[in-house]
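Chemist: Sequence:
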Amino acid sequence: DMLVVIGCQLWFLSVINRMGDLSAAAHGVAICAESLAFLPGAAFQAAAATLAGQFLGAGDDRRAGRSVLMACVAGGGLMVVAGLLFLGLAPELVRLFVGPHQAAVAALATPLLRIVSVGIPALAVTMILSGGLRGAGDTRWPMAASLTGLLGVRLPLAYWLGFDAFQLPWVEVPLAGMGFGVIGAWYAMVLDLWLRAAILAARFWHGGWKRVAV
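Position one of the sequence shown corresponds to residue 614 (this note's numbering), numbered consecutively onward.
Please note: incorrect hints may appear among the correct ones.
[Unchecked claim] Label pairs and their in silico Cβ distance ranges:
id : residue 1 : residue 2 : range
1  : A720      : L764      : 27 to 35 Å
2  : G690      : Q667      : 16 to 24 Å
3  : Q622      : W783      : 39 to 47 Å
4  : Q622      : G790      : 51 to 59 Å
5  : A655      : G633      : 26 to 34 Å
If you are wondering where the hints come from, they were derived from the structure by calculation, not from laboratory data. Model, not experiment: these values are computed from the prediction. Ideal Cβ placement from N, Cα and C applies to all residues, glycine included.
Can you build the whole structure from these sequences, using the hints too?
Modeler: Right, dumping it as structure tokens:
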């Protein structure tokens, strides 16, 4: 499923690139700054996967669920702190990744970092719960959540919110858009993250992942 997700991410990047060099540069800078929040998420994602697999292998469903939940709370807490830094210190963080003569790039990347701060809690839930579910052998739900969010929300809304007029690859009819540019595309990304987080949270609380045959 990672190949499909990577393909969708490249598609999203191609949409951003069509918005112009300034938008592409601001997107790249904001992604670099946002990656600071990935580190605790990736660490707790791996921990959730390992603990879920170990406890379920030992037949302890209760501890498997608690371990994934605690990883989500701890990792999510650290990522929320990063999100608050994005919200309050966006200009300062952006300046770490741009040169002194890239004021226009910094000016556009700053609101992008503030927008994504709203999605950081959802990103934490998505990363860590997907790790826990995969560790339990429940790989279908993380893949389904990713495809639903990327193909059903992020990409269509990136076109609609980003361009004044656009044409989807599978629809040969010109469509009117909102024309918000890369800012609109990042709103689409945040909505995608929240949808995926909701899907994975529902699967986690349902408990069906504990009974997947491996």
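Chemist: Could you tell me which of the numbered hints above are not met by this structure, giving the numbers in increasing order?
Modeler: Hint check: 3, 4 fail, others pass.
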